[in-house]
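K.L.:
Full structure from sequences and hints, please.
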Amino acid sequence: MPSQFDKYENLPGVKVEYENGNLYSGQQNINASTKSLLILGTAIDGPVGEPVSVQAIGGPKAAERLFGGMQKKEEIETGDLNPNTGEKITKTVKVPHQGNLIRSMYEALAAGNEDVRLMRISGSRAKTELSVQDIERALEQVLGVSAGNIAFSKAIEVEDAGRLSSTPVSYIREKKQDGTLVKEYTGATAIGNTVLNVDDTIGEETIFFKPNVFRPGHKIEVAFNFNKRTYYEVLRSDPSGSLTQDPTKTNYFSSQHRFFSDDVAAGHTINVYVNGVGVPQLNSKGEWLWRPGREDDSIVDPLKDEYTSLEYEQGGIRFTDAYQTEVENGTYDPLNSSAEVSADYFYYDEAAITATNEHTVPGEDKTYVLNYLPKQEDFKVFYEIGDNQYELTPKSTENPNGDFSMVYPESPSDKAKVVITAGAVPVGIKLKSSYKTTESTDVNPKLVVEGLYAGETYGGLKDILDPDSLQGVSIDIRSDVTANDPSGNEKIIYIIKPTDKRLSIRDEVLEYRTRDLKGIRTINEFANYVNNDANNNIVRLSVPEGGSASVKGLVPTDGQVFLGQKFNEVTEEYDLHIDENKLPDDPARYLWLGSNGFFNVDDLKSMKELYDVLGGIYEIVPGTLDEVKLVVQGIYSKLENYPVDSIVLVEANADTLIGRETYEPNGSIIMVEDPDKNFATQLAQHCAVATAKVWETIGFIGMTPVKNASLLGIQDHIDQLMASDINNHFMYNEGTHDVVLNEENEPIDIGHYVNVVFGPEVGLVNEKLGSYVASGAVIYAALNSLLNPEVSTTNKEISIQGMRYNLSEAQHNQLAGARFVTFEERVTPNGSRQFKVKDGVTAGQPNSDYERLSTVNITHATVQLIRTKSEPFIGLPNGLAQRNSLATEIQAGLDTLKERGVLQDFKFSIYTSSREKVLGNAFITLELVPEFETRRIHTSVALRQSL
Numbered sequence: 002m003p004s005q006f007d008k009y010e011n012l013p014g015v016k017v018e019y020e021n022g023n024l025y026s027g028q029q030n031i032n033a034s035t036k037s038l039l040i041l042g043t044a045i046d047g048p049v050g051e052p053v054s055v056q057a058i059g060g061p062k063a064a065e066r067l068f069g070g071m072q073k074k075e076e077i078e079t080g081d082l083n084p085n086t087g088e089k090i091t092k093t094v095k096v097p098h099q100g101n102l103i104r105s106m107y108e109a110l111a112a113g114n115e116d117v118r119l120m121r122i123s124g125s126r127a128k129t130e131l132s133v134q135d136i137e138r139a140l141e142q143v144l145g146v147s148a149g150n151i152a153f154s155k156a157i158e159v160e161d162a163g164r165l166s167s168t169p170v171s172y173i174r175e176k177k178q179d180g181t182l183v184k185e186y187t188g189a190t191a192i193g194n195t196v197l198n199v200d201d202t203i204g205e206e207t208i209f210f211k212p213n214v215f216r217p218g219h220k221i222e223v224a225f226n227f228n229k230r231t232y233y234e235v236l237r238s239d240p241s242g243s244l245t246q247d248p249t250k251t252n253y254f255s256s257q258h259r260f261f262s263d264d265v266a267a268g269h270t271i272n273v274y275v276n277g278v279g280v281p282q283l284n285s286k287g288e289w290l291w292r293p294g295r296e297d298d299s300i301v302d303p304l305k306d307e308y309t310s311l312e313y314e315q316g317g318i319r320f321t322d323a324y325q326t327e328v329e330n331g332t333y334d335p336l337n338s339s340a341e342v343s344a345d346y347f348y349y350d351e352a353a354i355t356a357t358n359e360h361t362v363p364g365e366d367k368t369y370v371l372n373y374l375p376k377q378e379d380f381k382v383f384y385e386i387g388d389n390q391y392e393l394t395p396k397s398t399e400n401p402n403g404d405f406s407m408v409y410p411e412s413p414s415d416k417a418k419v420v421i422t423a424g425a426v427p428v429g430i431k432l433k434s435s436y437k438t439t440e441s442t443d444v445n446p447k448l449v450v451e452g453l454y455a456g457e458t459y460g461g462l463k464d465i466l467d468p469d470s471l472q473g474v475s476i477d478i479r480s481d482v483t484a485n486d487p488s489g490n491e492k493i494i495y496i497i498k499p500t501d502k503r504l505s506i507r508d509e510v511l512e513y514r515t516r517d518l519k520g521i522r523t524i525n526e527f528a529n530y531v532n533n534d535a536n537n538n539i540v541r542l543s544v545p546e547g548g549s550a551s552v553k554g555l556v557p558t559d560g561q562v563f564l565g566q567k568f569n570e571v572t573e574e575y576d577l578h579i580d581e582n583k584l585p586d587d588p589a590r591y592l593w594l595g596s597n598g599f600f601n602v603d604d605l606k607s608m609k610e611l612y613d614v615l616g617g618i619y620e621i622v623p624g625t626l627d628e629v630k631l632v633v634q635g636i637y638s639k640l641e642n643y644p645v646d647s648i649v650l651v652e653a654n655a656d657t658l659i660g661r662e663t664y665e666p667n668g669s670i671i672m673v674e675d676p677d678k679n680f681a682t683q684l685a686q687h688c689a690v691a692t693a694k695v696w697e698t699i700g701f702i703g704m705t706p707v708k709n710a711s712l713l714g715i716q717d718h719i720d721q722l723m724a725s726d727i728n729n730h731f732m733y734n735e736g737t738h739d740v741v742l743n744e745e746n747e748p749i750d751i752g753h754y755v756n757v758v759f760g761p762e763v764g765l766v767n768e769k770l771g772s773y774v775a776s777g778a779v780i781y782a783a784l785n786s787l788l789n790p791e792v793s794t795t796n797k798e799i800s801i802q803g804m805r806y807n808l809s810e811a812q813h814n815q816l817a818g819a820r821f822v823t824f825e826e827r828v829t830p831n832g833s834r835q836f837k838v839k840d841g842v843t844a845g846q847p848n849s850d851y852e853r854l855s856t857v858n859i860t861h862a863t864v865q866l867i868r869t870k871s872e873p874f875i876g877l878p879n880g881l882a883q884r885n886s887l888a889t890e891i892q893a894g895l896d897t898l899k900e901r902g903v904l905q906d907f908k909f910s911i912y913t914s915s916r917e918k919v920l921g922n923a924f925i926t927l928e929l930v931p932e933f934e935t936r937r938i939h940t941s942v943a944l945r946q947s948l
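Every number in our numbering is 1 more than the matching position in the sequence shown, counting from 1.
None of these hints come from the bench; they were simulated from the model.
Built from N, CA and C at the ideal position, the CB exists for glycine as well.
Check before you lean on any hint, since a few could be wrong.
[Stated by the list, open to error] Each computed BS3-like pair below joins lysine-lysine, with the alpha-carbon atoms no more than 30 Å apart:
#1 LYS95 <-> LYS62
#2 LYS396 <-> LYS447
#3 LYS447 <-> LYS609
#4 LYS463 <-> LYS447
#5 LYS463 <-> LYS606
#6 LYS708 <-> LYS694
#7 LYS418 <-> LYS502
#8 LYS155 <-> LYS89
#9 LYS418 <-> LYS433
#10 LYS437 <-> LYS381
#11 LYS606 <-> LYS447
#12 LYS708 <-> LYS678
#13 LYS553 <-> LYS433
#14 LYS447 <-> LYS418
#15 LYS376 <-> LYS463
#16 LYS74 <-> LYS89
#17 LYS463 <-> LYS73
#18 LYS606 <-> LYS708
#19 LYS95 <-> LYS502
#20 LYS606 <-> LYS678
[As the list claims (entries may be wrong)] Label-pair restraints from in silico Cβ distances:
#21 ASP464 <-> PRO830: 54 to 60 Å
#22 THR187 <-> ASN228: 51 to 57 Å
#23 PRO401 <-> ALA266: 52 to 58 Å
#24 LEU713 <-> LYS797: 29 to 35 Å
P.N.:
See below:
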């Protein structure tokens, strides 16, 4: 039967299928040459999605240069002031960055691995576009997107004693002047797209509208939700002034009335008494002795945080730890069952009311600059909706209320302009103009300049909130005017290198003069020339279209243009290319800046992005219900045909939570935990596919560090792991994430393809980073790469400085039983410390033949031998003589493994049927008895009077 992994049934080669044969289960020479180890992680420079051999590129220093090292430059304040200007003095220092690729490389090398490969998994390249002129007579110019209203605010008319509710706006309706409804905005998302903010300050209620939402001149009707309050006073002497202790939360005393008033300005204060003695709000340290309400999970520090609206709404009084301290000091009575707690307070009733306000949408005329001076005849301004074109009418003496007017230049340096009347065009419509001109025109060929690799080094912001802090690669194009050639047709192109990319002190700029570029006539030829320049380590040029345009047509930039900037047709300047719909602190706002590709393991959305980066993105095939297709290739897809012995994922852990999008009842999208996705399972699936298709591969991944490393915290963390199925890994459909079942209708265990390293976290030292703590996954993977296949990682020493904490024998037993790899510290008789692997387990199921890593290594070594011995026979006749020769080769190889102590015994056979012979297939069945590792030595001790 063909293997389920055999995706290439038409290709020749050695195919391997692993079977589970229900195999329930002295020291060898461990000086073996190391296996290959691929690390998947992040960096600030270097290629993305391409595996790189550290040895092949010249060693770790070369790799560090390629991927940007472990540190980044950062400006910090020295604390001193400039005596002349009074400004703060800063200096540039190197600090560690979030990337983990190079750091992990050094960990693997320090552990003894000699064949490290690196793969950067994410990042985006910075870019800009440079314009090239061409000559034409008639053109169509995109003026820009039509503007809507200006940002404006309006006071909210609220009845006396009313307060805006937590959802202050019910709806917004945009209407024409005649009252015809244009659009209605309801729901949090729609209203949030129109309203910037609502100030609910009592007496100063104001609504602030976003710009470019409504059409100027229209009316908007806004419905507000507010609550009208009626207040009541309760004295402690009143029956409802007495509070009742909560039997399940003894520091909380409930009140008869909820909804305490927080209007302190109106004299609505709370006074609390215990056994008739008044208890103030604060102690001498400024800490709350009591708070209103039963509980509020949003409170971080109950002793310092301000009272919340939820606490006032809950009513009652809860006493803090600060009060308990005062009780212990004898200041106040304890809160026992006989304690009488009472309070003076105000509470209120609310009645929900809706009121509408109506406003006229303000706007202002919008001016657009024309690229060239137009001829008056045949000039028009228009926009398109669907297949319909709508032409605007010009203002004139006969038509003073027209849609636009022209402003002609008063000097040769000026540009002609079109002024569009506010409200003349629907909001967000692309406005165009068509005209004829005698000036040289531009059909917009573009020279695209991108960073050589992904990363902020090539184009980024030092401060994401400061657009002026732009840094990276910049380009400056100037006219090359000389005494012999004052025309300015020739150009000088400067590509300025950022400091981090300079190969020497003088390596500041790449300079190209078109008059000196012999044989380089077009921008296509120029792009190829720059891309092959040996001194170019910063950019890649490309020409999407119009590549035959002359390189002399490059438009002077009027100064430096940084990657990340785009030419603004309106201002005729290069500005940061941004997405106005994104917030200023969102990196996605800056569309053309480079990204280092870092992820946040504590953010569900970020982890969903990482999962998709690794596994690819699948979509439903149109017209089907459950058929999916791969639309974006992932890292693992790129690695399917890449032979490597081990893969370590360092960007996430086996228990890192992954998000998925879901919809709220109101239609808004939220991110929730996806229980069907697991980074360890994803890695195991890739290793299973790679093993079947190309080369025997196993994966390694760490676990999230224990947050609280106390004895109780560690045990609680372990108990939570034991109660979960986090370390069960079964084959799944990569498009739907449904578990794949075998012929017996059972899930297919792939856990033995991955090793999950619990730790504890290990202490390491690096000459640049100093001492630090990291997951032991890389160290463990490197250790395994050093050992002969028959030698287990169990009881092997790892080269580390220390561990974050130690596990007890019972905890080791728990974790080993759940197939987690752990480390332990041992003290030798001479007092030195050793750190060793407790047990070399895989994440395979307890009844799996491949539960031991040594068993997996032995099996892989044996299959690799079969591959090696069989390859020379591919393409030869499939006859008896050839099969006998193949059997001889395999027998000799397996005998060698048996002599080395890798195998106890083996049995194999080679066969083919008449039909399979026609198809070119031969089958090898192989049964192995591996050399089992020594895991326990039992010693029996008896005492006697004499022997």
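K.L.:
Run every hint past the structure and note whether it holds.
P.N.:
These are the hints, each one checked on the structure:
1. LYS95 <-> LYS62: holds (17 Å)
2. LYS396 <-> LYS447: violated (36 Å)
3. LYS447 <-> LYS609: violated (35 Å)
4. LYS463 <-> LYS447: Given that 30 Å is the threshold and the Cα spacing comes to 28 Å, the pair holds.
5. LYS463 <-> LYS606: holds (24 Å)
6. LYS708 <-> LYS694: violated (40 Å)
7. LYS418 <-> LYS502: violated (42 Å)
8. LYS155 <-> LYS89: Violated, at about 42 Å.
9. LYS418 <-> LYS433: holds (13 Å)
10. LYS437 <-> LYS381: Status holds; Cα separation ~10 Å.
11. LYS606 <-> LYS447: The hint is violated at about 35 Å.
12. LYS708 <-> LYS678: holds (22 Å)
13. LYS553 <-> LYS433: holds (29 Å)
14. LYS447 <-> LYS418: holds (24 Å)
15. LYS376 <-> LYS463: violated (46 Å)
16. LYS74 <-> LYS89: Measuring from Cα to Cα gives roughly 18 Å; hence the hint holds.
17. LYS463 <-> LYS73: Cα-Cα ~11 Å, so holds.
18. LYS606 <-> LYS708: holds (21 Å)
19. LYS95 <-> LYS502: holds (15 Å)
20. LYS606 <-> LYS678: holds (13 Å)
21. ASP464 <-> PRO830: 54 to 60 Å: holds (57 Å)
22. THR187 <-> ASN228: 51 to 57 Å: At roughly 20 Å between Cβ atoms, ASN228 and THR187 fall outside 51 to 57 Å, so the hint is violated.
23. PRO401 <-> ALA266: 52 to 58 Å: holds (54 Å)
24. LEU713 <-> LYS797: 29 to 35 Å: 31 Å Cβ-Cβ, so the 29 to 35 Å window holds.
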